[in-house]
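Taking numbering that gives the first Met the number 0, the leading residue of the sequence shown gets 0, the next gets one more, and so forth.
Any given hint could turn out to be false.
Pairs of lysine-lysine residues, derived as DSSO-like cross-links and limited to a Cα-Cα distance of at most 30 Å, are as follows [to be verified]: (1) LYS125 <-> LYS265; (2) LYS2 <-> LYS298; (3) LYS330 <-> LYS125; (4) LYS125 <-> LYS153; (5) LYS298 <-> LYS125; (6) LYS265 <-> LYS298; (7) LYS39 <-> LYS2.
Pair by pair, the computed Cβ-Cβ distance ranges are [to be verified]: (8) ALA130 <-> PRO252: 38 to 44 Å; (9) MET146 <-> GLY75: 40 to 46 Å; (10) GLU66 <-> GLU140: 49 to 55 Å; (11) GLU246 <-> GLY75: 26 to 32 Å; (12) LEU115 <-> LEU320: 37 to 43 Å; (13) LEU69 <-> ALA130: 45 to 51 Å.
Please keep in mind that the hints were generated in silico from the structure rather than gathered at the bench. What you are looking at is a predicted structure, and each value in this text was computed from that prediction instead of being measured. For each residue, glycine too, the CB sits at the ideal point set by N, CA and C.
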Amino acid sequence: MTKPPIERFETPNGVHIFRLPLEVFNGYIGMAHLLLYEGKSTLIDVGSGYSNSPADLEQGFAALRNEYRLDVSLSGLDRIIITHGHVDHFGGLRQVQDIAANAIIACHELTRPVLLKHDERVLLAKAGMDAFLQRAGVPDERRNALMNMFMLGKQAFPVMRVDETLHDGDLIDELIQVIHVPGHAPGQVMLLIDDVLLTADHVLPQTSVALAPETIMPYTGVGHYIEALQRAQSVTGVRMALGGHEEPMEDYPSVVQGTLDSAMKKVERVLEHCDEPRSIYDIACRIYDSMAGYSELLKIEQTGARVEYLTQRGYLLIENLNELETQSNPKLTYQRV
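Use the sequences and the hints to build the structure in full.
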């Protein structure tokens, strides 16, 4: 794996944006973004705190000092914004919040619980996932293995600081516009700085992000995701979009349209496999050639999210509804209306 170089962008109003690559997990690169404006420094996301991520963040700041001759440091940060509550974006806050003791730490209100009560979020997610896998019809022996994989690396984080709660439409420092885009994560935000848009994980040039049903975590799911993509389409005048992973996006509108088209095609594909009563697990096995490893869990989750979307909108009906009268959490089967 070759880590990409630091990249520099400048907005029409003179905001300098530095893209810092971090190895957030072994072989997996995420991006932190440092904004410099009016003598202030704001860091967007902090990496995972795992693998080489902490060292990469420190080395990124060192490179800015040595190669760009900038007077920047983690300890001198004015603000830290966490785009959403996934560990590859917030996990490094454990270390950074102590180094950047004077920085204001900000996140969306639906990300607050992840930072303030991570142990609670882990237990709720565990209970929600186990109940979902039962309803999805996953065989017991597979469900136990999948739950073990789901909990891998989900140890609780210590309480982290949240000094500022963000809401959709907020304007930070009269410069950074907050755009709430739930779906991939409940409190995910994009940040618009002049004509540069930081898209977090909502819009990426190569990847359609993982989705889970709202029954596992409220404010996720396909419905919120599609609505947020439509909202992303309404953001105009974007010269450059920078995601939390992968390369910069010069043609932002076409990337958003392609992402939305792909999302709808995946929903339609699930609907095609509901010509007779089938469980979520059965549908996933029909759609995907391989069901093994951690990807099996993601495939079941995403199939479940699309079944949920179709059921919420009346395109699918629960065929064995009577079993809900006699069982607390039965395997459900769905059929196209």
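Verification of the hints:
no., hint, verdict
1, LYS125 <-> LYS265, "holds, 26 Å"
2, LYS2 <-> LYS298, "holds, 28 Å"
3, LYS330 <-> LYS125, "holds, 18 Å"
4, LYS125 <-> LYS153, "holds, 10 Å"
5, LYS298 <-> LYS125, "holds, 17 Å"
6, LYS265 <-> LYS298, "holds, 12 Å"
7, LYS39 <-> LYS2, "holds, 27 Å"
8, ALA130 <-> PRO252: 38 to 44 Å, "holds, 39 Å"
9, MET146 <-> GLY75: 40 to 46 Å, "holds, 43 Å"
10, GLU66 <-> GLU140: 49 to 55 Å, "holds, 54 Å"
11, GLU246 <-> GLY75: 26 to 32 Å, "holds, 29 Å"
12, LEU115 <-> LEU320: 37 to 43 Å, "holds, 39 Å"
13, LEU69 <-> ALA130: 45 to 51 Å, "holds, 50 Å"
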